Each structure stands twice: as structure tokens, then as C-alpha cells.
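Novice: When you get a sec, could you build the whole thing from the sequences and use the hints?
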Amino acid sequence: MIRLADLAATQQLSFKGDGDLLIESVATLENAKSNQISFLANPAYKKYLSNTDAGVVILTEELAKEFQGNALISHNPYVTFAYIAQHFAAQHKPEPKIHATAVIAESAQVAENVSIGAYSVIGPNTQIKPGTVIENHVSIGADVTIGADCFIKSGVKIESGCELGDRVILHPGAVIGADGFGLARDKHKWVKIPQTGVVILGDDSEVGANTTIDCGAIENTIIGNDVKLDNQIQIGHNVVIGDHTVIAGCTAVAGSAKIGANCLIGGGVGIVGHIEICDGVTVQAMALVTHSINEPGSYSSVPPLQPTKQWRKNAVRTRQLDQMARKINQLEKKLND
Amino acid sequence: MIRLADLAATQQLSFKGDGDLLIESVATLENAKSNQISFLANPAYKKYLSNTDAGVVILTEELAKEFQGNALISHNPYVTFAYIAQHFAAQHKPEPKIHATAVIAESAQVAENVSIGAYSVIGPNTQIKPGTVIENHVSIGADVTIGADCFIKSGVKIESGCELGDRVILHPGAVIGADGFGLARDKHKWVKIPQTGVVILGDDSEVGANTTIDCGAIENTIIGNDVKLDNQIQIGHNVVIGDHTVIAGCTAVAGSAKIGANCLIGGGVGIVGHIEICDGVTVQAMALVTHSINEPGSYSSVPPLQPTKQWRKNAVRTRQLDQMARKINQLEKKLND
Amino acid sequence: MIRLADLAATQQLSFKGDGDLLIESVATLENAKSNQISFLANPAYKKYLSNTDAGVVILTEELAKEFQGNALISHNPYVTFAYIAQHFAAQHKPEPKIHATAVIAESAQVAENVSIGAYSVIGPNTQIKPGTVIENHVSIGADVTIGADCFIKSGVKIESGCELGDRVILHPGAVIGADGFGLARDKHKWVKIPQTGVVILGDDSEVGANTTIDCGAIENTIIGNDVKLDNQIQIGHNVVIGDHTVIAGCTAVAGSAKIGANCLIGGGVGIVGHIEICDGVTVQAMALVTHSINEPGSYSSVPPLQPTKQWRKNAVRTRQLDQMARKINQLEKKLND
Numbered sequence: 015m016i017r018l019a020d021l022a023a024t025q026q027l028s029f030k031g032d033g034d035l036l037i038e039s040v041a042t043l044e045n046a047k048s049n050q051i052s053f054l055a056n057p058a059y060k061k062y063l064s065n066t067d068a069g070v071v072i073l074t075e076e077l078a079k080e081f082q083g084n085a086l087i088s089h090n091p092y093v094t095f096a097y098i099a100q101h102f103a104a105q106h107k108p109e110p111k112i113h114a115t116a117v118i119a120e121s122a123q124v125a126e127n128v129s130i131g132a133y134s135v136i137g138p139n140t141q142i143k144p145g146t147v148i149e150n151h152v153s154i155g156a157d158v159t160i161g162a163d164c165f166i167k168s169g170v171k172i173e174s175g176c177e178l179g180d181r182v183i184l185h186p187g188a189v190i191g192a193d194g195f196g197l198a199r200d201k202h203k204w205v206k207i208p209q210t211g212v213v214i215l216g217d218d219s220e221v222g223a224n225t226t227i228d229c230g231a232i233e234n235t236i237i238g239n240d241v242k243l244d245n246q247i248q249i250g251h252n253v254v255i256g257d258h259t260v261i262a263g264c265t266a267v268a269g270s271a272k273i274g275a276n277c278l279i280g281g282g283v284g285i286v287g288h289i290e291i292c293d294g295v296t297v298q299a300m301a302l303v304t305h306s307i308n309e310p311g312s313y314s315s316v317p318p319l320q321p322t323k324q325w326r327k328n329a330v331r332t333r334q335l336d337q338m339a340r341k342i343n344q345l346e347k348k349l350n351d
Numbered sequence: 015m016i017r018l019a020d021l022a023a024t025q026q027l028s029f030k031g032d033g034d035l036l037i038e039s040v041a042t043l044e045n046a047k048s049n050q051i052s053f054l055a056n057p058a059y060k061k062y063l064s065n066t067d068a069g070v071v072i073l074t075e076e077l078a079k080e081f082q083g084n085a086l087i088s089h090n091p092y093v094t095f096a097y098i099a100q101h102f103a104a105q106h107k108p109e110p111k112i113h114a115t116a117v118i119a120e121s122a123q124v125a126e127n128v129s130i131g132a133y134s135v136i137g138p139n140t141q142i143k144p145g146t147v148i149e150n151h152v153s154i155g156a157d158v159t160i161g162a163d164c165f166i167k168s169g170v171k172i173e174s175g176c177e178l179g180d181r182v183i184l185h186p187g188a189v190i191g192a193d194g195f196g197l198a199r200d201k202h203k204w205v206k207i208p209q210t211g212v213v214i215l216g217d218d219s220e221v222g223a224n225t226t227i228d229c230g231a232i233e234n235t236i237i238g239n240d241v242k243l244d245n246q247i248q249i250g251h252n253v254v255i256g257d258h259t260v261i262a263g264c265t266a267v268a269g270s271a272k273i274g275a276n277c278l279i280g281g282g283v284g285i286v287g288h289i290e291i292c293d294g295v296t297v298q299a300m301a302l303v304t305h306s307i308n309e310p311g312s313y314s315s316v317p318p319l320q321p322t323k324q325w326r327k328n329a330v331r332t333r334q335l336d337q338m339a340r341k342i343n344q345l346e347k348k349l350n351d
Numbered sequence: 015m016i017r018l019a020d021l022a023a024t025q026q027l028s029f030k031g032d033g034d035l036l037i038e039s040v041a042t043l044e045n046a047k048s049n050q051i052s053f054l055a056n057p058a059y060k061k062y063l064s065n066t067d068a069g070v071v072i073l074t075e076e077l078a079k080e081f082q083g084n085a086l087i088s089h090n091p092y093v094t095f096a097y098i099a100q101h102f103a104a105q106h107k108p109e110p111k112i113h114a115t116a117v118i119a120e121s122a123q124v125a126e127n128v129s130i131g132a133y134s135v136i137g138p139n140t141q142i143k144p145g146t147v148i149e150n151h152v153s154i155g156a157d158v159t160i161g162a163d164c165f166i167k168s169g170v171k172i173e174s175g176c177e178l179g180d181r182v183i184l185h186p187g188a189v190i191g192a193d194g195f196g197l198a199r200d201k202h203k204w205v206k207i208p209q210t211g212v213v214i215l216g217d218d219s220e221v222g223a224n225t226t227i228d229c230g231a232i233e234n235t236i237i238g239n240d241v242k243l244d245n246q247i248q249i250g251h252n253v254v255i256g257d258h259t260v261i262a263g264c265t266a267v268a269g270s271a272k273i274g275a276n277c278l279i280g281g282g283v284g285i286v287g288h289i290e291i292c293d294g295v296t297v298q299a300m301a302l303v304t305h306s307i308n309e310p311g312s313y314s315s316v317p318p319l320q321p322t323k324q325w326r327k328n329a330v331r332t333r334q335l336d337q338m339a340r341k342i343n344q345l346e347k348k349l350n351d
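Protein chains in written order, with the working numbering: chain A, 15 to 351; chain B, 15 to 351; chain C, 15 to 351.
Among the clues, some could well be false.
[To be verified] Cut-off 30 Å, straight-line C-alpha distance, at most; resulting in silico cross-link-like pairs (BS3-like, lysine-lysine):
#  : chain 1 : residue 1 : chain 2 : residue 2
1  : C       : Lys111    : A       : Lys111
2  : B       : Lys206    : A       : Lys60
3  : A       : Lys348    : C       : Lys206
4  : B       : Lys347    : C       : Lys327
5  : B       : Lys206    : A       : Lys323
6  : A       : Lys272    : C       : Lys348
7  : C       : Lys348    : A       : Lys327
8  : B       : Lys203    : A       : Lys272
9  : B       : Lys272    : C       : Lys206
10 : C       : Lys60     : A       : Lys341
11 : A       : Lys201    : C       : Lys348
12 : C       : Lys60     : A       : Lys272
13 : C       : Lys323    : B       : Lys203
14 : C       : Lys111    : A       : Lys206
15 : C       : Lys327    : B       : Lys348
16 : A       : Lys341    : B       : Lys347
17 : A       : Lys348    : B       : Lys79
18 : B       : Lys272    : A       : Lys61
19 : C       : Lys323    : B       : Lys201
20 : C       : Lys111    : B       : Lys327
21 : C       : Lys203    : B       : Lys60
22 : A       : Lys143    : B       : Lys203
23 : A       : Lys206    : C       : Lys272
24 : A       : Lys201    : C       : Lys61
25 : B       : Lys201    : A       : Lys272
26 : C       : Lys327    : A       : Lys348
27 : C       : Lys323    : B       : Lys30
28 : B       : Lys61     : C       : Lys341
29 : B       : Lys327    : C       : Lys341
30 : B       : Lys348    : A       : Lys327
31 : A       : Lys348    : C       : Lys348
32 : B       : Lys201    : A       : Lys327
33 : A       : Lys341    : A       : Lys327
34 : C       : Lys203    : B       : Lys323
35 : A       : Lys60     : C       : Lys323
36 : A       : Lys60     : B       : Lys203
37 : B       : Lys79     : C       : Lys201
[Claimed, not checked] Sample of chain C residues lacking proximity to chain A, with all beta carbon distances greater than 10 Å (derived):
#  : residue
38 : Met15
39 : Asn49
40 : Leu63
Think of the hints as simulated: they come from the structure by calculation, not from any bench. All of these numbers come straight from a predicted model, not from anything done at the bench. By construction, the Cβ of each residue, glycine as well, lies at the ideal position given by its N, Cα and C atoms.
Specialist: This is the structure we're talking about:
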């Protein structure tokens, strides 16, 4: 519970209204009560503003002028909301405790205030720095380095040799450092190329549930600082991702692709191997990137949705596009003659 | 083993042929033997009907007339087959047993006839109702409610606070309630928005292997009754899915999307965030839904497959479509003048 | 450490340069040192050849002529590199050891030199042949057969009845034999069709991290010999995949599809159910295969990437394609009259 005036002070922001109002938690505009703080960031939800029961709403200065209730004024209501939600999020971090069933190699170096959950397994020479929490059923190989204040959730697997920075979060079922998909075709069979690199995850990186990041074939797969990967993403061997890049769920990045810093890659995107994407590129959902991108900006490739009946008529024409274009040119020539 | 006449009676259906025939199990038309029952639902398999060795075939009345052998007559042979296959499926449900290695919090409430497999972990205040089976290596957090007669398969993770109805099936590796992908951009870094909602799974819902359903950001992610999710699906935070909707594998649903009841969503589909799909919508495989859909019906967006050589010529024209359309209009105008 | 001349002899290849040079490991052209061997297979990396510090480079005869340094001469430098990397890859296979915490059913038959990691669970009547390594947290059901020299990595789940050939590799989090997605629609609800088949994995097959292969509905799902599946792939029930076929990450194959031998299926591809793809087919990344393919060759369907601004103008026209094509034909007719 915190007074509005005090909460505003923690964020170095001004407010409008009753500074003594006590706030207990965050809520959406639609469902907030008088002891809760809400926010308006997505214009689609503006319709809920006039009728909200929220005690306070985080708003831009412009919107705060229109609004009758209490307001916390921010240039960026969404980021202010994020900090305030962090303030309220109870610190549920468990007391540091190593569960009796954890199997920890004798040569592993586990710092003092580390938590390790039931049935987790830590391999030889692995180092875990202070403040890190490892949940249940986590399998960590040999010679792994895990930084300080990391959060490794249940069922995560980290293969031998991988290196995690500080404050890394790995969500349940993520697999870090499985073999890359390296095969050479001999006459009658495939020959497996040993995958001897590792995965390096930068500080503040986050990896979603069931996301997989393969180890490098010879050199390493490198994920920058503050890179955020959603669920069910596949990152191939030797991929390099620059700092602050965000990738939405179910995207696949093929081997040796290089993605720049501050990119926003949508969900379900495909990025082929051995290409480079420069800094500051946005790729829209489900687009396929088949060539390097050298100019920042937004890119798309998916045709729009249509009723299937209409789509059938149009789709058949996509096989005739070249023929159509040639006919247009012929008609134009004929008409000009 | 059951007589055809008795089996027909269990389904309240009529039959044609030898009611005393003993049936032992189900099989495909192509490989059935004389003590097995088969069915014809997909017209593509009609070619196998005349030569089948099946003792009985489940058929529509129309097809039964043409067929020489024994037939069980149904308006919907596929659903009749489903019920009969359930009849034959040996009830392999193990005797209720808590494995000695299961780690169960003292405050957890586990009903009497519940099974819990090896190395599974049940958190504090979690409630598990009668008849539920939990396999090996399952990790269940605190304050979770699991209904009656659920089947939680090996390696499933259920995060704290989630609520499952009755008869819910979670296949291996599914992750229920991992953090949603909520980030706000501050000047130089991403700020994580605490994900404090949970996942609510309705009665009779089923979640495929390695499928992930994120918890809500503030409010909850809600999966209706009798919703069926295939493998490797990603459901973002605050998604709402209506009753009886079915989603095929590898589909991604972004945060805050609302999908109606009785929808059929194909495999590999992408649904962007903050949109609504009304009841009764079919989305074809791999389509991208970028806007709300307000009319029931079938929707598509993927261009048809072509030999790559032909595709190259046509694909380059997709970048010239607007130019082509304008030229057509100019030619038309010129010709009309 | 091995002399170049001796290494060449192990591969029955000729070499150029100093046969006494001692080689210790493999490296990329860009970063190799004088005691390392590298290779040039992808023309994109030819720029690194002239300046490489590699002690030896594996090259075609043609490139070896141009190259000043030591060379190992091969018709197929990539496959030679694969065999040599295997030579150097330290045999990290652990001493066969059953961890004290492994839960092995009494009726399971585990060959003498098998390794089983911490907290793994092996079901009744399951047979594991010599030389196989099972890591941590692996869950194997009843009546499973696992061949010789397999490598089952951490967190893999294998459902009851599945059969693995020899030298099969399953990467972390893979799920073999979960229920297929079989549902019949009764009036007011979905009826689950019991999935009573199993998964059969051929010799030398490899399954990527978090990939899922469903069991058959009645008959089996069959993966041929030397089939290589990347990460996060979904294989539906009753799929059949021919020998030596390779599938890249995030591809989804729907139920009862048959894929021939020696196919190359790209990443993010969708293959609908109940179709057949003949031998020797290549499907480019993210294409959707909606009909059977009867001719070997390469197939594509995804439109090329465009800047979003340009894409918007063109994309709207994909809904007018049929109209455009009709107009062209009218104009042509008018002009010819």
C-alpha cells in the first residue's frame, strides 16, 4: 500500500488529484477498483477510460487533462506502468535453499545464496553465481557458467559449456545448447558434423518456454545483452543476435544468420541461414527473410487474409502473374503503336 | 470381445449382417481382419472398402446398401468409430498410487484415488481432485487447482495459481502458465512487465505435447470447455478461447486475442494480438489473421505451391502488383477514349 | 594430434604441402590457427581463404591449385570435414553407469554397457540394447524397444510401445509417441479417438530438441532409416517418412501424410494431412504443401519480402488478382477486335 504522491515520487513523475489516495495493486482500466492503479497505452482501450473505477490512471499529459479522476502523468505510460507493476509484484523469490534431492557434482561451484529445486542436476565444474534461482527438474551439464541473479525455471536443459550472463531468465522447457543441425551428404547417407561450440547468453537476456537455442558447430551461438526471446522459438547454430533485439513466438532463425541490435522480429517469422539483418529492422509476423537486409525499417511478405471462396479465385492467378505482366506490356505496346 | 448385435445396441444403432459375429478390436479398412471392426469416413479411403477383410464396417446407410459384408449403420461413421474405439481401448489407467519419490508439499490437498508418478513435485496449497493421474517428472507450482479425472502426462509444468477443470488432458512437455511476453521499452533497455495473471483451462480441454499457454499479464488467459489444442502451439497472455474450438499444431496466438466458440483453426496459423474472431470461423493452414473477423466462414491467405522455377518468375511480380493494376486501368481508359 | 599425411590416409585422400604438419583440431577459415584444419564448402566464405592461418584447408582439387598453403584434396570438402571433425571430436561418451536415482522397472531388460542418468524412469518390459546412453530426467514408458548405441538426451519422453532402431539420437525435450490429434465431432462436443498405434524410428534417425512425433491412431507413425529431423518439428499421427529425408526446424506435418525418401523439407514448412510427396522432392522454407507432389524437384510458395510500405500497396492487389486477370483478357479481346 502506497500513497499516490509517494508512488509518483518513486518514479520522479508528477500527478493530478488526491496525493493521499492509497494504492494497493495494478489492474486493467476495465476491471480496476478504487484502490488500484491502471494505465492507458493502447488506443484501442481508450473507450474504457471514461468509465474506469481505477483510483489512479497513468496517462500522458494530454490525456490527463481530459480525464476527471486521479492521474499519474508520464511521457510513456506503458513503461511507467511496467516499473510500478514491478514495485507491486510481491518479491516471491524463495529463501535461498538447496533441495535435498538436487544432484550437484562435487566440482561444481555454487555460490552461497543460490536456490536449487527438487530433482535438479548440476554437472561437474559448473559455476553458479550468487542470487540465482534454479527450479525443479533442471538439467545443467558440465563446465557451464551461470551468472548472478538468474532465474532458471523448471525443466530447463543447459548443455555443457554454455555461458549465461547476469539476470538471465530461462522459462520452463527451454533447451540451451542442443546440437545444431549439421549434416554433410555422403553418397548413401548423412554424416553428422560434431557440434562443438556452445551458446553464450548476454546479461538480461530472456528465453521463452520451450524455446531452443542450438550450440555452435565450431564457434559459438551468441545472444546479446537484453535480448528477449518469446516461446517456441528455434535459434540455429552459430546465429548471432545483437543487443536489445526482441523476437516473438514461433520464429525460426536458421544457422549462421546474423541479426542486428534493436530489431523487432514478429512471431512465426522465418530467417534463412547465412544472411545478415542490420540494426533497427522490424520484420512483420510470419514474413520469410531470404536475403540480407541492409536498410533499417519494416519488412513484410504475407498476403492478406481473404474469405476462402474469394481466395480460391485469386490464388490461382498467383501462378499466372508473370504471364499477366507480359500481357499488360504487350497490350501497352500495341496500344501505343 | 463383443457380438455385433450387442455392440450395435450399446450405440443404439442398427446393423446389417451377422449379429453373432464376435469383434475384438478396431482396425483400418486396409488392414482389418475378420474379428475387427473398421469404418469409412474419409472418401479418399473408399477404394479399400470392396476388398476389406474387416468383420464389420461402420458405414452410412447409403454405403451400407452397396456393401456386401456386415455393416454397422450410422449417420456419422467417424463419431461412431470414436465411441467404439473408446469401448475397446483397454482401460490402462493404473491403480491409484503415489510413487515414493513424489515430492508433495504438506499443505497440498491430494484426493484419495489420485496417481502421482516418479519424481513429480506438487507445490504448497495445490489441490488435486479424485481420479486424476499425474505421470513422471511433472512440476506443479503453488495454489494450483486440478479437477477430477485429469491426465497430466510426463514432464508437464504447471505454474502457480493455474486452474484446471475436470477431465483435462495435458500431453508431455506442455507448459501452462509461463510468463507472458510483456515488455515496455525504456530509453536504453526493455523493462519486464510482471505477469501476475494465471491460466484457466475449462472442463474437457486438451493440450498437446510441448504446447505453451502463457499466464495473463494482469487478468487471466482463459481456455474454454472442450477446447482441443494440438502440439507445439503457442498461446499468448490474456488470450480467450471459446468452448469447443479446435486448433491444429504449431499455431501461434498473440497476446489478448479473443477466439470465439466452435472455431476450427488450422496448423501453423498466426493470429496477431488484440483482435477478435467471432464464433464459427475456420482459418485454413498457415494463414495470418491480422484483423478481427466478424463473419463466420472460412478464411485463407497462403499462395499455392509452385515448382520453384515457375515460382521465381511469378514471385518477382508480386512486388509489381500495384504497378500492374494501375497500368491495366490506364490501358482501359485509353482504350475507352 | 595427427600428421597431415596420416590424416589424409585415414580418409584415403591425397594432400598438398607438409605431410609432417601436426593437426590438433578443426576450426573455421576465419579463426583457424596453424595447428588446425579448416575447409571451404560454402562459396560465401571463399573471401577468407587467402588470409586464413589454418595449417591445412580441405579443398577441391581446383581450389587447391590456387591455394598457397597445405591442402587436403577432396571431391566433397564438406563431407571430408564431417568425417575429420568426428575423428577429432573427443569421445566424451561417459563410462557406462546406471545412476543410483534411476527408477528401472524390474521387468525392463537393460543391456550391460548402458548408461542411465539421474532421475530417469524406465517402464516395465522395456528393452535397452548395448551401448545406449540415456541422460537425466528421461521418461520411457512400458514395452519400448531402444536399439544399440542410441543417445537419448535429457528430458526426452518416449511413450509406451515405441520402437527405436540402432544409433538413434533424440535431443533434449523431444516427445516420441504422444497421442495424435484425433477427434470426431458429435452434436455438442468433441469425442476423442483413442490413439493406439506407436512410433517406429529407423536406424540412424535423429530427432531435434523439443520435436514431437505423435503415435499412430490405429496403425503406426513410421520414420525411416537415416531420417534427420531438426528442432521444434511436429509430426502428426500415421505419418510415414522415407529413408534419408531431412526436415528443417519448425516444420509441421499433418496426420497420415506420406513423405518419400531423399526429400529435403525446409524450415517452417506445412504439409497437410492425407497427401503423398514422392521421393527426391525439395520444399523451400515456409511453403505450404496442400496437394500430393508426384514429380521430384523443388517447390515454393512464399512471396518475397518487401518494405512494408511498398508491401501494403501490392498486398491489397492480391485480393483483386482475378479481377485484374479478367480485365487483361477483356482489353486484349477489345484490342484484337
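Novice: Check each numbered hint against the structure and report the violated ones by number, ascending.
Specialist: 3, 5, 6, 10, 11, 17, 20, 27, 28, 32 and 34
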